[in-house]
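J.: Next come the chains, spelled out residue by residue.
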Amino acid sequence: MANYLPSTAAERQEMLEAIGCSSYDDLYRDVPGGANSVTLDLPAGMTEMEVLGEMSHIAAKNTVFHMVFRGAGSYNHYIPQVVKSVTSNEKFVTAYTPYQAEISQGVLQSIFEYQSMVCELTGMDASNASVYDGATAAAEAVFMCEERKRSGVVISETVNPDTIETVKTYCASRSVEVTVVPAKGGVTDAEAFSAALGNGASCAIIQQPNYFGILEDVKPLIDAAHAVKAKAIMSVNPISLGILATPGELGADICVAEGQPLGMPMAFGGPYLGIMTCTSACMRKLSGRIVGQTTDHDGNNAFVLTLQAREQHIRREKASSNICSNEALCALTASVYMAAMGPQGIEQAAKLSCSKAHYLAEQLCAIDGFELAYDQPFFNEVLIKCPCDPKVLEAKLAEKGILAGLPIGDSMLWCATEINTKGSIDYLVEAVKEAM
Amino acid sequence: MKLVFDISKPGRSSQILPECDVPEVMPDAAFLRQSAPALPEIPEVEVDRHYNELAQEVFGVCDGFYPLGSCTMKYSPKVNETIAALPGFAKIHPLQPAESAQGALQVMSELSSALAEITGMDAVSLQPAAGAHGEYTGLLLIREYHLSRGDTARTKIIVPDSAHGTNPASSVMAGFEVVNVVSNAEGGVDLDGLREAVGPDTAGLMLTNPNTLGLFDPNITEICKIIHEAGGLCYYDGANLNPIMGVMRPGDMGFDCVHVNLHKTFSTPHGGGGPGAGPVGCKELLAKFLPTPVVIDSEGRFELSRPESSLGRMKAFYGNFSVMVKALAYIKVLGAEGIAETAKASALNANYMMRKLDDLYFMPYGQAPCMHEFVMDIAPLEHETGCSAMDVAKRLLDFGMHAPTMYFPLIVHEALMVEPTETESRENLDRAIEVLRQIWQECHDDPEFVKASPHDAAIGRPDEVTAARHPVVRWIPEA
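Those sequence lines, one after another, are chains S and V. Reminder that position 234 of the first sequence reads as 234 in the numbering used here, one-by-one numbering, no gaps. Reminder that position 116 of the second sequence reads as 116 in the numbering used here, one-by-one numbering, no gaps.
These aren't lab readings, by the way, just hints derived from the structure by calculation. Every residue, glycine too, gets a C-beta built ideally from N, C-alpha and C. Among the hints, a few may not be true.
Below are the DSSO-like pairs computed for lysine-lysine, each with C-alpha atoms no more than 30 Å apart in a straight line [unchecked claim]:
(1) V:K91 x S:K385
(2) S:K91 x V:K451
(3) V:K91 x S:K396
(4) S:K318 x S:K219
(5) S:K400 x S:K351
(6) V:K356 x V:K451
(7) S:K219 x S:K149
(8) S:K91 x V:K9
(9) S:K149 x S:K229
(10) V:K91 x S:K400
(11) S:K149 x S:K285
(12) S:K61 x V:K78
(13) S:K91 x V:K91
Residues from chain V that keep clear of chain S, each with C-beta distances beyond 12 Å, as calculated [unchecked claim]:
(14) S13
(15) D192
(16) T221
(17) Q438
(18) E442
(19) F449
(20) A479
Let the hints inform the model, and build the full structure from the sequences given.
T.: What follows is the structure, encoded as structure tokens:
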């Protein structure tokens, strides 16, 4: 058995005696049953070598697909090596929330830089230090918009279904009405969207590119929200903003995003990064930590956690959210990714992803029976009808080391990024032909 | 330190991605952004150096004693990082078919079982991403339970005044009103006050035990009984599970629902403020309401499944998976005995420090043994010398130690909450004791010196008032 205690059993006994205790029961005297109230039914401990062996064995039961053509909320982008190197720095890894600003300027400045970079990327004025993921960011954004006189959220069916379901969960307990507007031809039904907004909703959520990868005509939807004094929340893929119009340019009030594509591994769904940015007018309603710039008493530049009057540790039941920690290390990851790639690098990742997805779609649709489910412009994901059972095709491609598009009904949602070379797409297409 | 933007020059970024090997396709102009983002353009060497410079101004557990109360800043074993980075865990897509992710689902299944055993619960959801997120989830379970019985009158959650701020905030998010109960003279829940607070509108109680004073409430069985007899349920905030795991189980104390913090009790690193993970456990009566999906073991094959009356989803996918991997590796190393030994050592270290300081510093609840942490009240010292809890905390920074949690819990006005954790040796504790005793002396001999601390940090005390009044929350490019 191993543990991580630096003291020996004998030393601990000496320490007990040094404070006048004969056994641990003296310390646990208030616990019914004393220091040994329970014996856990768990296996005996292991050494480091054993645990590495056992966990490696478990990891080997997972298939690491060498060709990934699936996105739907988690994307296989290239991660520059300097990102991994910087973010595995023990100081960043083992510190906690920077409560003591004097010895935490590094974490605080990195968050300030993160806030600045995501504001630039999304075209917004202010950002928080991040939240748990894109789905919870959308849910938190809804509560930024709730007012005494306006309540309820209108959400397009073309938003990622996990986001819709998370928003519903968050809203149910506070009796905030959620209206899901049906899709029409793969995009938001603009008429139904406007009609739904007419009932005094506080905000609307739209996604660009939408869940099916389609580029929606977003501006009229945002204008429709504003026409009835509702706020517009726009959910985006941060990589796409290398080329696509920003929420800021389109007039959104709040931008939310799943930040995973900015340097985080897929890691079976987490940890990821909830990006939240907004206009100046909404800043004081942001949930979560925010870092601000100030000076110390000698006039030196300094960073601190700020606008804390919104937060749970000050406001308790009157706080705007219960959020305590952010996803600091993931925010740092995104920052280092953006610094390493630069504006051209992110633009290039966006262009490559878009071009490869179009090549993939063109090649697949050249096969008999495959066709676009919707004839709409798209970014790096595309829904393609499948002439056979998509689950059967998925299984056949898996045998060749390919993670196929996600089966949705009689179609599959395919995705490409800069990682998918022409060669791998051609290999996929051949494999699909063989499988048919 | 320069901002990352200040070292940027046009055209200096590294070339990381290859040229396009398929026909280039761009969306129509109407979809494109008008101007490029002003992101920094920096060569790789300067990216590396910039972040290394920032890292020098960060205090991690790797740097020294980190007695931040209620945060459990224990050592994070390196092998866990290695394991989480294995391609079989890091490079798998959350939506790949279950047959190709049996190892990942096994991790989730094994971790759920281990946490259920440690907390004395019947079922677990690993989805919540943090402690506060776990609280919110647990309270929603309680809400669903009452609603499913048609009991719509139960709208109130009872929270002691020593609770973390997240407890009342989570209660409101879950749609409840908060009823505060005051602590008794011993720092525990006042039973008479509790009996007066309960009624047909009681949905439940949120309790941290040991509480934020570091005290295990000796009346815990009676407290849970009072709530249950009133028709409410009991929620255990696992922020302070560290000294209890393997010693006593929340489920055996009478709790119906718990959250645990993998980043506190189960050693996963805090990352400068996340990512953590806040799995929720519950008794059978709440299991069918758990968030979707949960992992089930179907004759040796693991599957994701939606609980019968699931409250829905708390976030995308399944939770912070890499954090789960690290926590499971930690639990496997400790084993049943190691878990209990770890808990006891955390209580021992805290009591050792408290007893070696209580002749100088006032321990308002020092008559009883503490658990993993203790609270010092600096009010008497401030009365004598003018040095506050803030001053003592800031002076500690000069000695290469992190400060304790300050001004919490709220019921002790000049509180310093000290949690040494079990991963400190006796020598480290003796050194911290010596430093705190020296600071006490300095408060008497040269209070102005203490009030001007820290003297050796990167900056002096920052102007937080101006920061909040005129917020500057981002860098803005020059026009």
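J.: Checked against the structure, which of the hints given earlier come out wrong?
T.: 4, 14, 16
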